[in-house]
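*Asks:* What follows is the residue order along each chain.
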Amino acid sequence: MILKGQLHTHTTFSDGALTPQETADTYARLGYDFIAITDHDHLLKPSYGDAIGRIDTRLLVFTGIELTVHCRKGYVHVSRIEGDKEVLHIFNHPADVDVSLKDCIRIIGEVAEQYPIDAVEITTHGFYTPQFDIPEIPYPKVAADDSHTLLGCGRGWIELEAPLDRDEIIRAVKQGRFMNCFAGDKARRKSAADLRLIRFA
Amino acid sequence: MKKHEKNRNVAIIGIGQTTLSSHKEDQNQVEMVAEAVRNVLADANMTLDDIDCIVHGNMELFEMQFQPDMWHALGCGSYGKEEYRITTGGTVGATLVCASDSLVASGQYDTVLCLGFEKLQEGNTTGGITNMADPLWFRNLQTGALTSTTATEMIKEFGKDRVLRAAMKYRIMMDKHAMLNERAHRRLGLEYDQLETLMETSPQLVGELRLIHMCSQSDGACAMILTHEDRVKKGTAKPPVWIRDHETSHRGENMSNLYGAQKPKSTHRDCAERLFKRNGITNPLEYFDVFEMYDPSAYWGLDWLREFLLLKDDAVLKLMEAGEFDLDGKLPVNPSGGVIASNPIGATAMLRPAEAALQIRGDAGGHQIKKEVRHALASGFGGTLWTVMLMLEKELNW
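Residue numbers (this note's numbering), protein chains in the order written: chain U, 1 to 201; chain Z, 1001 to 1398.
Same shape as in the complex, but just chain U (with noise of 0.2 Å):
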């Protein structure tokens, strides 16, 4: 089945606006399979894994956080989203870290000396960041969100063929078998059909 996915989310359990509940729904509305709702470690407010496990909605929902990873930069943010067995570490909107692409990439490096980098995001605040979309990244490029206000939603997501179980999605963006879309972008949001032939090209 054909699962639309979002990533990078934020709620009032750091610095989002909207609850976990609004962030679900409003995904919902978006027509979303999927959510990963990953705050700030920094910020976190207690019984944040309760409350997103009261989430009431048909989403699937994931547990994550955004963690903060100290490096040459100063810190840098990698989302580690939880599966029932499987984990997923994705490198955070690059273009943030405001460096040149090849001290980026240098810092990608680094940071995957501490985590096993899954991904790399291919977006800050949901617009796509070409400039990190390419093979001297050697990981699989995601596009998310970061959403933290309403307006901040449904910009960029990924679609992927996977059954509706977190740990089959997780292991789809590990092995790259995915595609990102992006809000008003027509040519490069592929139909379901498009999915297909990349899946099995």
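Among the clues, some could well be false.
Mimicking DSS-like on lysine-lysine, the simulated pairs with C-alpha atoms at most 27 Å apart in a straight line are [to be verified]:
id : chain 1 : residue 1 : chain 2 : residue 2
1  : Z       : K1156     : Z       : K1002
2  : Z       : K1002     : Z       : K1176
3  : Z       : K1265     : Z       : K1312
4  : Z       : K1081     : Z       : K1176
5  : U       : K45       : Z       : K1169
6  : U       : K45       : Z       : K1160
7  : Z       : K1318     : Z       : K1277
8  : U       : K45       : Z       : K1176
Simulated from the structure, these hints should not be mistaken for lab results.
Assemble the complex: chain U is given as a structure, and chain Z must be docked to it using the hints.
*Replies:* What follows is chain Z alone, placed relative to chain U:
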């Protein structure tokens, strides 16, 4: 006429703001300033026909936009009108109010609309600040507000544990105020029982300065309408707020020249001493009902309170620890949430007197101080040590 004596008294009769946010992707700059202008005209029940001059300001080139006032002519309503453009750094918003006050007080214009804005998402502010070079003074690098010097000095003076706790308490207090202000940008819902955790988990930026201590980068605009006493007598839509006086202290040297054998008097203390002396205020803590202060970080917030209020020894820490700067304290500080919560640079220092004026009017909404506000103090600050202070009054009786 004596120096600083006004030719005629000036009042704020309109206040307009946009919401403040990290991104405003639903508006361009013209639309954003137009929203603030529409709001201020509605607040004053005026039209652009009532405005004689528009004073426009931001940090030019922070958004990579040359002469933004030209682009904004339709948005701010300046087409066919007299206009000034001002850029004085972080304090530009306060300078806009001072300049507008002087333009009205002098008699050059009867009614002036001043407008400060910044849309920081559209530029690289940190890049702009850190690349400022000054070969004359051997300055090759600027870090803007990203400095831990104040934290280090305060720790040396008062001890690490006390200062770190006071700074984090200040930060949480600002967030509690911001949570009551629906326009504020960063509203995190912090609680005092998170103090210990935040001291440990917030990423360090430099020295003891952590991410949580620092101001945000915001988009937003603020506008005010100023007019003279005779115009006020004809009636205003909202109660007038009088600009009693303002003072600017500007030192041209940069930081590297300031630290010799003895640290010189800060521009804040210098500015406050002159302003208070001129107005016969011997105890600002007793005189003012609210202080809306430009506070780029929690450490600067603490240290600058000491300077502005002319406090000695550890008085500022004692007041902070006793909750005297809370909304129900002796002198409420930054009921809006301050700069730490919202920082659209060109508007930031205007939001301070705007907030102070709203408090005097009793019009601040959820973050209105419970007691009556008759005397308000506001401050602005910007690069190259440029301090501005404004005194606002409910009654014209001094």
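*Asks:* Is the Cα-Cα distance between K1156/Z and K1002/Z 27 Å or less?
*Replies:* Distance of about 44 Å is beyond 27 Å: violated.
*Asks:* With the threshold set at 27 Å, check whether the alpha-carbon distance from K1081/Z to K1176/Z stays at or below it.
*Replies:* Violated, at about 42 Å.
*Asks:* Given the proposed pairing of K1318/Z with K1277/Z, does the C-alpha separation stay at or below 27 Å?
*Replies:* 25 Å, holds
*Asks:* Given the proposed pairing of K45/U with K1160/Z, does the C-alpha separation stay at or below 27 Å?
*Replies:* Satisfied, since the Cα-Cα distance of roughly 26 Å is no more than 27 Å.
*Asks:* Between the alpha carbons of K45/U and K1169/Z, is the straight-line distance 27 Å or under?
*Replies:* 17 Å, holds
*Asks:* Check the hint pairing K45/U with K1176/Z against an upper bound of 27 Å on the C-alpha distance.
*Replies:* 15 Å, holds
*Asks:* Taken at face value, is the distance from the CA of K1312/Z to the CA of K1265/Z at most 27 Å?
*Replies:* At roughly 13 Å apart (the allowed maximum being 27 Å), K1312/Z and K1265/Z satisfy the hint.
*Asks:* Straight-line Cα separation of K1002/Z and K1176/Z no greater than 27 Å?
*Replies:* 43 Å, violated
Of the hints listed earlier, those the structure fails to meet are numbers 1, 2 and 4, in rising order.
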